[in-house]
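S.K.: Sequence:
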Amino acid sequence: MGSGESLTRSGLRGREAELEKVRTLIASVARTGSGGLALIQGEPGIGKTTLLAEAVTRAGAAGFSTGLGKADELHRIVPLSSLAACVLHGDQPLLSGDAFADLARNQDQRIWLVERLAEAIEDRARSTPVLIALDDVQWADQLSLFALKQLPARLRTSPVVWILAGRPDPAGPAEEIVTAAADALPTVTVPLGPLSGAAISQLADDVLGAAVDERVRDLLEGAGGNPFLAVEMLTGLDSTDLAGDSVPSTLVVGVRGRLRSLQPGTLRFLQMGAVLGRAFGFPDAAALCGRTPAALLPALDEAMRAGLLDDDGDHLVFRHDLLRQAVYVGIPPSARKVLHREAAGHLVAAGLRPIEAVPHILRGALPGDEEAVALLRRAAEDVLPVTPCLAADLMTRALELVPPGRPLMFDVGEQAILVLTRAGRSREALATGDRLLACRPPLEALSRLQAALGGALWQMDLAEELRRRTESALAVAGAAPEAGARLAALRALALSRGPDLVAAREAGEAALRAAVAIGDREAHVLALSGLGEIAQNAGENALALERFAALTTIDAAFLPEEIVAHLHTDDFASGERLLLRAAESAGATRQAMLLWAQGQHDLGLGRLDDADAGFATMERLEDDVQVPVQQVSGRVIRSRIALLRGDREAAREHLVAARDRLAVKPNPGNTAAVRFLEAVHAEADGDVERAVAGIRQVQAEGSFMRWRLLRDWVDAAIRIALRGADHELAGDLAAQAGDHARRNPSVPTATGIAAQALGLVRDDLALLERSVSLLEASPRPLVRAAACADLGRALLAAGRKRRAAAALTHAQDMFARSGAHAAAAGLQHDLDGAGAGSRRAAAVQRPVQGWGALTASEQKVARLIAQGHTNRSAADLLVVSPHTVNTHLTSVFRKLAVNSRVQLANVVMALPDG
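What the sequence shown shows, in our numbering, is residues 7 to 920, in sequence order.
Read the hints as simulated data drawn from the structure, not as lab findings.
Bear in mind that the values here come from a model prediction, so they are computed numbers and not experimental data.
One thing to keep in mind: the hints can contain errors.
[What the hints assert, rightly or not] Below, a list of computed lysine-lysine pairs in the DSSO-like style, where the Cα atoms sit at most 27 Å apart:
| id | residue 1 | residue 2 |
| --- | --- | --- |
| 1 | K155 | K901 |
| 2 | K901 | K866 |
| 3 | K155 | K27 |
| 4 | K155 | K671 |
[Said to hold, decoys possible] Cβ-Cβ distance ranges computed for the label pairs, FRET-style:
| id | residue 1 | residue 2 | range |
| --- | --- | --- | --- |
| 5 | R441 | E79 | 27 to 33 Å |
| 6 | A772 | L917 | 47 to 53 Å |
| 7 | R654 | D104 | 52 to 58 Å |
| 8 | A177 | A862 | 42 to 48 Å |
| 9 | V662 | A706 | 21 to 27 Å |
| 10 | R900 | P176 | 27 to 33 Å |
| 11 | D838 | S752 | 37 to 43 Å |
| 12 | V662 | A177 | 49 to 55 Å |
| 13 | V670 | A23 | 42 to 48 Å |
| 14 | H835 | D770 | 20 to 26 Å |
| 15 | A803 | S752 | 31 to 37 Å |
| 16 | A23 | V344 | 46 to 52 Å |
Cβ atoms here follow ideal geometry from the backbone N, Cα and C, with glycine treated the same way.
The task is simple: from the sequences and hints, build the whole structure.
M.R.: The structure is reproduced here in structure tokens:
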């Protein structure tokens, strides 16, 4: 791929500098083994496709495995259609057709799909560098865009170069992809401007030969430096005005001139092809013409001889999209609508999926077209698992096509509400539902609409509004049994956020009985989910586990809730078993929630580094799908972890982030968690008065022990209250801990913390000793360490220095083993007072850069990757998510200042034990 090679192809005249930019990036990827991304931008016909093809050809000659695809304007709605071409075509496709079909058909999670694509590309990149190129990225489908915003950064450590070509748009998809990748890997933007006069003259020489007179050169001024327009002029266009619209009038006039010379049947054939898209099936165009393919062979031959069509082996293709558009604009707009509608009917009748006919429906359907509405509904259902936003758009359009007043409007509206909610567009769902309710639907439709709105109201944290609406709907007779059962279950779910959990439980149990009696799965899931929430909020851990275990047997998507419920009962073995099962199952659902459960598991076992990485990964995945669920809690925990480690700066950053995310999810539990964190920070800053006020603010949201995230931290709240001499508050907190222990007598953590809390309030040495004894059966080392520390201080105050030293030393060791080095160091003063100052804990300050900066898990990941493992195989060995491996690997590369797996391997090999 030498830069000095002569550019003899006419489409590359004047593009030497631009090709050199791309060539340099490709060479860098091959040399360093790390990723890169290039974006080629320019107006239609400016030469993007030619430059992209040349880059792919040269990369292939240099030993790259290449994949080249092209997005299509008409088919941009079909999920994965754009990216499919990149991974299925070429001499050595990255995926076989069957493997790709299985990937697209059997998964139901966007994140899972992206990870599987990443694994396939990563596996190929282990043996040869990879180039993936996509032309006309501005027309890429939503799912392909989602993947392209994740994959370059995900594969930044592998020799993979991405080249995109598209039209300039500062807010377009290409810029979104570049922005997402910019912080992770080198990115290059290659703008293609008009060709110079000299280059245009060379191009004219290429096409017509050396004898190009001044009249022709003057004519080419009208091309404005656009090589495609110039070539079209040279092959017969005779008008030189240049319009500013998307289809230059120069081209339209020129193509029309060429079309006038065609037979009428050929012109109609081309027009039918233009309706079908840039690439189209010959039989489909024949069907729209009302003729057999055999009868159209002369028309096809004439169109190809005229230079308007090519054949790629599977489809006929307009030689450039500008040609297709020029033919298309020659069809009167009203006729286009009819032809698109006819095309949709033909494609469905020919056995294509509804989604493949939808582009024509969107262009050709008119209000009242119930067949079009049915097709849109089927297509939305098909694409909902992978592109919920697209499904929501389709359902919104379907609802627009239903004339007001028809009963169908409420059926379509119900589906639209559910799909909008699934897409995270809860406000739109609520607005849609309220518009439909204002149309005075029949009683049965009213109850179904209110039930459909339940998910949106819950996502928006409008529990009280959900309760009000469900009770109003249930008070009106006429609801179908299924809708009534769902409304009753939703009411119980809403009551789980209220103060009267006894009434909530009664409502939930009644809803469960009704759901089971009529056999409605949705109502059954809602009722069990509500009862699980109620039991957890009431602190009845065994009952919550029972509810969520039953729920998982009906819907495996609730496995994370069951795992967390096991942890609340101190059954970490069962939690780990379920996490392992989830890791081994392909396409596990709700992966962000699984990471939440994994993080809770690691936190409980004192694996602070792993917990922090897990919560960071969870937040990233939630951001990817734009569905924030646990981000407030995740940031609160990460801030606490940072304080335990002694990283005050990171702790403050997490506090700020938690406050920001609270504005998005301001439910009482999140509010209580942030107020508690603020109190902890205030205490750390020495402002005890503000810290006590913060704990009282937590109480204002509901009793402290109501909030499951805070239950294991009640000892910290009591210490704050006692430091502030607020004995009433401390006593109330201890009483709540005692009540929680009585509800969970078989949970060592609950009973041990209750004894610890009461011992702190009463300054009772015997209770603190009992606390330590009870907590010996707890699997939570940080809880055990805190109780030992409290006992050690009490013993020291009682003058029993030898025993105090033993308890404090044990606490310090447990804190240190968990990575809570600040907490361990904080005991040193007491150890000095107990006469154990000679056993001074080593101050562990992890360096910022280098191998010593890596956590234990990061070192494990680094060694595995250095040995040649992929993210997936490393994840399988470590029994974690590939997403977590990716988080660790990002940290490894930053701390070691390397950019590729090859460089990482060199670092590891240079270690003394490498």
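S.K.: Checking each numbered hint in turn, tell me which of them this model violates, lowest number first.
M.R.: Checked against the structure, the only hint that fails is number 12, while the rest are satisfied.
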